[in-house]
Amino acid sequence: SQKIEQNSEALNIQEGKTATLTCNYTNYSPAYLQWYRQDPGRGPVFLLLIRENEKEKRKERLKVTFDTTLKQSLFHITASQPADSATYLCALLMAGGSYIPTFGRGTSLIVHP
Amino acid sequence: KAGVTQTPRYLIKTRGQQVTLSCSPISGHRSVSWYQQTPGQGLQFLFEYFSETQRNKGNFPGRFSGRQFSNSRSEMNVSTLELGDSALYLCASSPALQGSGANVLTFGAGSRLTVL
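Chains as they are written, first to last, in my numbering: chain A, 3 to 115; chain B, 1082 to 1197.
I should point out that these hints are in silico values taken from the structure, not numbers from a laboratory. Hints are supplied without guarantee of correctness; some may be wrong.
[Unchecked claim] Sample of chain A residues facing chain B (criterion: CB under 7 angstroms; computed from the structure):
no.: 1; residue: G45
no.: 2; residue: F48
no.: 3; residue: L51
no.: 4; residue: S100
no.: 5; residue: I102
no.: 6; residue: F105
no.: 7; residue: R107
[What the hints assert, rightly or not] Take a look, some chain B residues computed to stay more than 12 angstroms from chain A by CB distance:
no.: 8; residue: I1093
no.: 9; residue: K1094
no.: 10; residue: R1096
no.: 11; residue: T1101
no.: 12; residue: R1111
no.: 13; residue: Q1122
no.: 14; residue: G1123
no.: 15; residue: G1143
no.: 16; residue: R1154
no.: 17; residue: E1156
[Unchecked claim] Pairs of lysine-lysine, BS3-like flavour, derived with a Cα cap of 30 angstroms:
no.: 18; chain 1: A; residue 1: K73; chain 2: A; residue 2: K19
no.: 19; chain 1: B; residue 1: K1138; chain 2: A; residue 2: K73
no.: 20; chain 1: A; residue 1: K61; chain 2: A; residue 2: K19
no.: 21; chain 1: A; residue 1: K5; chain 2: A; residue 2: K61
no.: 22; chain 1: B; residue 1: K1094; chain 2: A; residue 2: K73
Don't be surprised by glycine CBs; every beta carbon is placed ideally from N, CA and C.
Produce the entire structure from the sequences given, and follow the hints as far as they go.
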């Protein structure tokens, strides 16, 4: 069956450290992978998009990698801050179809001062 | 520019009732998608509308329906509410045309439905 797996346990890190979140998938062949941030009581907010033929994408303190062989994406936040505390969702978009994002359940990140 | 607006933000209904939720997309965005979010299932795709036509549909029963108006505003309706319909209902808009792979969604804040 098709699965998108994100760690259900919260990730707790100290301010200033690098946070690394994982998105694994099975039985999907995504053409694109997106990462969103969601704060409590709010809708998700788009952060980054990476294409299947791209290995890495950066935006300010954020970095995303995409390994289609391992079927995995890693999302890094460097020099993390308490304001980065939120739930982070990955979403897959399949080629040749509707490009409707299919979301993982998200991982909660808590950055301690 | 204004973001995606959803109304109402919170509502409480009882089993068997029906509910209508409204979504105003970003100006110029023609695609509106609806998702249901629960702690157990995460974000589940309901349907997508483009130019007043349902273009894609998720795996939800027929009690869940929607429509889109000529100004791109969208509504979704849930009839014969069940306890399990309690969730955050999120609307998202995008300018995406069919086949546009990036399809970045801009979400509203959601409508929190509680069914008693």
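Hints versus structure:
no.: 1; hint: G45; in the structure: holds, 3 angstroms
no.: 2; hint: F48; in the structure: holds, 5 angstroms
no.: 3; hint: L51; in the structure: holds, 6 angstroms
no.: 4; hint: S100; in the structure: holds, 5 angstroms
no.: 5; hint: I102; in the structure: holds, 5 angstroms
no.: 6; hint: F105; in the structure: holds, 4 angstroms
no.: 7; hint: R107; in the structure: holds, 4 angstroms
no.: 8; hint: I1093; in the structure: holds, 16 angstroms
no.: 9; hint: K1094; in the structure: holds, 19 angstroms
no.: 10; hint: R1096; in the structure: holds, 25 angstroms
no.: 11; hint: T1101; in the structure: holds, 19 angstroms
no.: 12; hint: R1111; in the structure: holds, 14 angstroms
no.: 13; hint: Q1122; in the structure: violated, 8 angstroms
no.: 14; hint: G1123; in the structure: violated, 4 angstroms
no.: 15; hint: G1143; in the structure: holds, 19 angstroms
no.: 16; hint: R1154; in the structure: holds, 17 angstroms
no.: 17; hint: E1156; in the structure: holds, 17 angstroms
no.: 18; hint: A:K73 / A:K19; in the structure: holds, 26 angstroms
no.: 19; hint: B:K1138 / A:K73; in the structure: holds, 26 angstroms
no.: 20; hint: A:K61 / A:K19; in the structure: holds, 17 angstroms
no.: 21; hint: A:K5 / A:K61; in the structure: holds, 27 angstroms
no.: 22; hint: B:K1094 / A:K73; in the structure: violated, 42 angstroms
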